[in-house]
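Given chain A's structure and the hints, the job is docking chain B onto it.
What follows is each chain in one-letter form.
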Amino acid sequence: MTRDAGLDSDGRGVLAALREFGLSGVEEARLVRVYICAGDFSLREAENIAREFLADPVVDMFSVNGFVTSSCGKHEATVEIIRRVGVMDPAEASVLKGIREIGLDAQWVRTARKYVLRGDVAKDELKSAALKVLANEVIEEVVVGRDVKALAPEGEAYEFVRGEVRLDGLNDAELAALSAKGQLYLSLAEMKTVQEYFRKLGRKPTDVELETIAQTWSEHCVHKTFRGRIRYREEGGSEELIDNLLKSTVAKVTRELDKKWCWSVFVDNAGVIDFDGKNGAVFKVETHNHPSAIEPYGGAGTGIGGVIRDPLGTGLGAKPVMNTDVFCFGNPDTLPADVPNGCLHPLRVLKGVVSGVRDYGNRMGIPTANGAVCFDPRYVGNPLVFCGNVAIIPKDMAKKRKPTSGQVAVVCGGRTGRDGIHGATFSSVELDEDSEMVSSGAVQIGNPIEEKKVADFILRARDAGLYSCITDCGAGGLSSALGEMGEDCGVEVELDKVPLKYAGLSYTEIWISEAQERMVISVDEKDLPALRKLADEENVEITVIARFTEDKHLRLKYGGVEVGCLDMEFLHEGIPQIEREAVWKAPRHEEPKIAEKENYGEDLKSLLGSWNACSKEWIIRQYDHEVQANSVLKPLQGELHDGPGDAAVIAPVLGSKKALAVSNGINPKYSDIDPYHMAASAIDEALRNIIAVGGSLERCAILDNFCWGNCDKPDRLAGLVRAAKACYDVGKAYGVPFISGKDSLNNEFGVGKDTICIPGTLLISALAVMDDLSRAVSMDSKEAGNYIYLVGTTKNELGGSLFYALHGAVGNSVPQVDVELGKKVFAAVSAVSAKGLARAIHDCSEGGAAMAAAEMAFAGGLGMDLEITPLAGDLPTHVILFSESNSRFLVEVPRDQADEFVQVVEGQGAPVRRIGVVTNTGRFFVTRGGKQVIDESLTDLKAAWQTPLAL
Amino acid sequence: MTTPRAMILRTAGTNCDVETKFAFELAGGAAELVHINHLVADRDPFAEYQILALPGGFTYGDDVAAGKVMAVELTHVLGEKLTAFVERGGLIIGICNGFQTLIKTGLLPEAKFARPGTRQATLVHNDSHKFEARWVKMKAAENTVCVFVEPGSEIEMPAAHGEGKLICRSEEVLQNLIARGQVVYRYVSRGGGEPSYPEDPNGSIDHVAGICDESGRIFGLMPHPERHLFAYHHPRWTREKRTGEGEGLRIFRKAVEYCQNC
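Here the protein sequences line up with chains A and B, keeping their order.
Per my numbering, the first sequence starts with residue 1, numbered consecutively.
Per my numbering, the second sequence starts with residue 1, numbered consecutively.
In short, the hints are calculated from the structure, not lab data.
Ideal Cβ positions, reconstructed from N, Cα and C, are used throughout, including at glycine.
Be careful, since some hints might not be right.
[What the hints assert, rightly or not] Some chain A residues judged to face chain B by a derived CB distance under 8 Å, without partners named:
#1 N362
#2 E538
#3 V777
So here's chain A without its partners, still in its complex pose (with noise of 0.2 Å):
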């Protein structure tokens, strides 16, 4: 069917996209939806569901089994897209529902879009442009000129063969060759300790053992690198070795600090802290890089289902309340000729990510409402997409259980399917041209309908008190999940039982398929009943598919016949720990020479205008970012509705001023000089956010996310330990516990004998609790004549800043923290908003303070003029403006209050200056001993910010 031309926005985006492509021929697209309906339906009965559901009346034309558009002759093309067969449509399941509330049977549904063009074209230019901006061949068909098969989604018919892998006698270069070749990328000395296993035992292994030998050890699940043997030496300097890297820097913070509202952390799927006395708030993030970069769309959309059943499957399982997202990408300016073979240029990227998380988060009723995007050309073959899911846990829920001998094991939600084979090896691995054909298999798309109605049953489940313990099925699926619930007592699994989208699987694939949407809970045979009640009520299929037992095997069986068993404590314990060598070198980089200038307005232009500080409303209102009616302050701030707010803040029990503030920090620029001073400030800016919007660190816990290279070259490992020694430093001395993380190495694409290694990049989520909403501070100008100050230290410290980067330069005065003037700062301007004495606090980063100063003048659509003098000592202009030294605010403060707020931030010992004064002015005027500096209409200033991303 179609849509009245006027109405056919899909069709103009694709003419759009067509002619920027260069089909310049193309007069006009229309889009023609597909629904190809397998039924014993009379053509009258197919008409009936097309003119009743399909098709709506006052807009839509619609044609069974014929051509819905008129056709003008020889000047037409048309070109069709649909899924593969097997890969998911999760429109599939809702139009046979419709069908049948007509009183009709439909035995499949397949849905595609075909676009009808008029004009000049060539059949296969146009092929090839429908691949590059109209469908990926990942998943998608491309059709050009006639009509789709009809092929049924079904797969064929299964005949079971139990597999035997020959592991006995094997050399080194067998066993490296086997491991390549069934992907299972284990290293030599991992296929050696599991020969060695398999020749004690005096039997070959399976192939589904091997597997799932292969997923529990993956970097993805156990982390090697971060718990391996590293030997870690500066240059010239002596060797410190370090055993396991996670327990002797972030895992140590929290136990040292031992703080009492920590309630679970590091044991369980998410961290959790104590909210209100009575719930917890729950929080993780993690990445979903490689899947991303080969399907954005489904990368993105199913790395925000799979984070959200993180929480869902913490303790009991826990709400879902916000969701935050931090993107990494090349530029989107990049020219397509340097985009490398086998990578999608940044800006698909981009569109794709946002898109999915949009319709993910959307759709599951969560607010995305925290988040960040950085570019860098090195992310071009390795986009790193973070999710990160808050969510609300009743106290006695909030700890991790395990299940009993006896239960069973249920699997919930949605079948599985050919989708996300070898997700875990495969996300621990580098990416290159071939990748995109090697690892389609572990591309999987997102149902977050299907999710909604998993957590909608689950959280009453939990209610009800009709399961015992639970786990989501992430990277490794059923293979991970029950390996990890039956780790202590034994578990034994029928695969055949497993719930199939379609026939053909084999009982590895149905072991170690990474489809979407399922959670995995143990009950007790008596609870069954009343499960089975409850998930009918919701629409959700159960299916019990194991049982705990006693004997710590894990059992594996495919129609009553063993195909797999394993010693639980050599699944998990008998990875050889690695050792590996760490040395870094520390870069010396070209220092600028920058000489001074009259006038500073056309940099604050350019930097406001750079692709990383500039505005990204096009993204943030694709999310919707107050559902769930807990929003206190949105991503974007001020009398417009458009400046960029420093955390989101939430109220997530409805009726409560208690709140939840939820920040990110991260700068990988500085990684460039030194990942120690990167993580050190990335760590100060998340919590920096959460100062600002009236938080404090009193109950603070933070979260981290390393994305590294390559950690086999001691370079690279290098600089991976030194963020992880900052972060030890840095948080211990703040008093801020980690709760809970992640890490995704091997985050290089190769381009022939060459790698592309994305800078050494550690995200820090902060979640804080805020005894009062209406504390809360905004980061927009309030009121002419109000005095703006700057609470904190700035220091001659542009290098990796966006001033440096303006100037084609790097330097090497990379910010530092300060810890002992960071608690001070931080210490004093939460006073201030407990006090309720700041009208808006911003927080200086990306940019200095001359940019957080011009946004909350453009925020507040106010003008502001600023004296830079007391702060000069003997710094150049530039430095003053620009410099992005740490733990720094602009504070907004009534006059009649300006004593009061010295008093404050000075009995904190925290240094303050008064710097000028907002005006009505509309202009943004910066004087330095009298003399301007700069001089702009906020209007330009806030076109320069809002124009390069308005896409």
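Leaving out everything else, chain B in the frame of chain A:
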């Protein structure tokens, strides 16, 4: 005086049910979340209720068109029961996806289930062709018959949708809606005048944001009153020092009061 009871109808993909229930409770009513599967077997599932709310969300993924699968389900599974509820004088409010559902059954604007192919109005993709979340200001028509709103009043709340552009089958349909007081809310600019994008976030005909049936008892709107229950929900509460209740609560309170006075 009895406490009016609201049924918050939910199904797969409903996601504003909890806050809509909370809104009715805050407004002095009683409210319950009820899954549509619960209604099928019951002879008169609406007997104990004075208000039916269809909350926001993405029922069945909004596949085919927003609210469409749910509309077909309501028509075929609950048609007679719902018609009886309407004839008995029950109130219905559809918010966002609920509005999309009501209009696709025909209950809006005609207060009855439309025969296939005969609907008078629909909601289609925003002119911007994307989902957008932003606050809007609306003004109630002076002649509106809608029992949920004060004629002529202004109100702010967030809109968050991708398919909110109202289209009528003909100009005559629209003129009739206007003349009979069935146009409830129109988007207006911050100053109160004719809005342009994004003050009108979707390009609706005549900037219409919400409509009702001829009796005023069935009401649908795209923006979300249940997301402006407290002053702190407002995007400028820190600027304008807003405290206390939010404006959206008025809609729920009017409904509860209407039922109490019946």
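Looking back at the hints listed earlier, which ones does the structure fail to meet?
-> none
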